[in-house]
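Chains as they are written, first to last, in this note's numbering: chain A, 1 to 285; chain B, 1 to 285.
Each hint should be verified, as a subset may be incorrect.
Just so you know, same-sequence chains aren't split out, so a pair can sit in one copy or run between any two.
Computed list of lysine-lysine pairs in BS3-like fashion (alpha-carbon distance at most 27 Å, straight line) [said to hold, decoys possible]:
id	residue 1	residue 2
1	Lys73	Lys179
2	Lys172	Lys278
3	Lys129	Lys278
4	Lys172	Lys129
5	Lys154	Lys204
6	Lys179	Lys154
7	Lys73	Lys16
8	Lys278	Lys178
Read the hints as simulated data drawn from the structure, not as lab findings.
There are 2 protein chains.
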Amino acid sequence: MLHGANYDEAYEEARKRSQEHNLTFIHPFDDCAVIAGQATLGLELLEQAPDLEAVVAAIGGGGLISGVACALKETNPRIRVIGVQTARLASMKAAVEAGHPVTLPVSTTLADGIAVRRAGELTLPMVAKYVDEIVTVEEEEIANAVLLLLEREKILAEGAGAASLAALVNQKFSCAGKKVAVVISGGNMDVTLLARIIERGLVKDGRLIRLRIHLPDYPGALHRLTGVLAEHRANIVETSYNRAYFGVEFGDTAIDLTMETRGSEHVDEITAALSDAKYVFERIT
Amino acid sequence: MLHGANYDEAYEEARKRSQEHNLTFIHPFDDCAVIAGQATLGLELLEQAPDLEAVVAAIGGGGLISGVACALKETNPRIRVIGVQTARLASMKAAVEAGHPVTLPVSTTLADGIAVRRAGELTLPMVAKYVDEIVTVEEEEIANAVLLLLEREKILAEGAGAASLAALVNQKFSCAGKKVAVVISGGNMDVTLLARIIERGLVKDGRLIRLRIHLPDYPGALHRLTGVLAEHRANIVETSYNRAYFGVEFGDTAIDLTMETRGSEHVDEITAALSDAKYVFERIT
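Isolated chain A (complex conformation) (with noise of 0.2 Å):
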């Protein structure tokens, strides 16, 4: 049964169904039960690999990382343990350093798997007892985490899962020469999601650019534009013509070109053909 928008909704939704039809009401984190299963993880880690020297794991309410750390630090309490939290929802970071489980704000994040907005009563403890650090990561790194598993690692991680690649990616915390595990928690990921992730992150090499290009307002113009663009190999894949705004000339028009491209040195190919062809133009990002 799908109830809510959010964890929050769906959560009360359960509680409310589980008192009105008598049901057992299991916690997706604040259990000792779910908690011990997901320890199962640290066991297996030390299996695979005994010289491990840190694990890096996402913090939702902090079920999966209790267990993890609390396997690995009573087996060797030498592993660093590193919990990574979304920066939109610190939730559990706030309560280590208050002292207590805090609400914080209601929040979006990409992240969706580990937006929780309070950490639970019987994790607190442990992550405060077990986990060493907790660091935070932004949107645009979960993002990026996704697309280079997906790129080198072929596998589709949801926003929750890349978080703790994302950390380890971005330097969050010191592990240089260290034996490092990082688990990737969840692959839950809606492939519309997915589309407009690859799509940013190709806006951002570079390998799809949109460029506001001048023309002059006569048969052939385009045509001749497009001999450039496809002589240095750039594949248009959207186009909008503009007459009247953006402060176009009359008798002239702005053309919105969206191309795929191979990257920045590609994209530096291209725009030194349109100015040698002398086309006044701009890059819309």
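Based on the hints, put chain B in the right spot on chain A.
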């Protein structure tokens, strides 16, 4: 070194350079050592699943399947081996039928990793001897298999890598009740292409639709329309106004709205609401 727009052009250049500079040319598929190396995949399959009954793998030049089929059949001749080619370049199928390699005309395909126009001299007799059946898959089937792997398995495969799954899912051969291994043989997928595959997949599932809606041309008309859509939670992602085209009555406007939906039931709900509100519209496909 990147050269050429496709396999043939890159191949020619590599041949030329290896002769010019007296370098060792390693053929990508028509080479005994390459085939033997790929045969280890067959041995690994036997190790991991000794009770295998069928194996499906893609065929480009035929190196991978020659090795895998040889390893499987020489160990257990009862294991069925099915080869999969893109319908656009079924060069091995043509070669087996003709009894010798045939050069097919140039074609483009999502499965560029197996876009080989002519079967190998070494691989053809191996395929003829060890492969039970060669089936072909269509572009749309390949694209859907890429999406299926991404959404269900959280794996990014390239078109050639997903072709084998496409053949299985679309029942191109019979294997009901059998224990089948599907070789996903590559993940070299450009994210730009992936974004397009996702978009096409969403359109196919009705999760992305475009409606052309006729509107009276006065202030507030669009606001009334967006009210209907907002009430039914359609998420508008693109708009385009057409005042003078598409048989629009003078004084009226047609607007193309691209919307994200939850799928075909949601689309039915939205179009019913538009009809109830007396809008004239059509779905653009």
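Quick one: Lys278 to Lys178, C-alpha cut-off 27 Å, is that within a copy, between copies, both, or neither? neither (54 Å within a copy, 66 Å between copies)
For the identical chains here, do Lys129 and Lys278 meet the 27 Å Cα criterion within one copy, between copies, both, or neither? neither (66 Å within a copy, 63 Å between copies)
Copy assignment of Lys154 with Lys204, given that the CA separation must stay at most 27 Å: both (20 Å within a copy, 24 Å between copies)
For Lys172 vs Lys278, is the C-alpha pair at or below 27 Å within one copy, between two copies, both, or neither? neither (46 Å within a copy, 56 Å between copies)
Quick one: Lys172 to Lys129, C-alpha cut-off 27 Å, is that within a copy, between copies, both, or neither? within (21 Å within a copy, 57 Å between copies)
Alpha-carbon proximity between Lys179 and Lys154, which holds within one copy, between copies, both or neither at 27 Å: Result: close both inside a copy and across copies, 22 Å intra and 26 Å inter.
Indicate which option fits the pair Lys73, Lys179 if close means a Cα-Cα distance not exceeding 27 Å: within, between, both or neither. Answer is within; shortest intra-copy Cα gap is 16 Å, inter-copy 42 Å.
Checking an output row: Lys73 and Lys16, CA cutoff 27 Å. Within, between, both or neither? neither (37 Å within a copy, 59 Å between copies)
Going through the hint list in order, the structure does not satisfy hints 2, 3, 7, 8.
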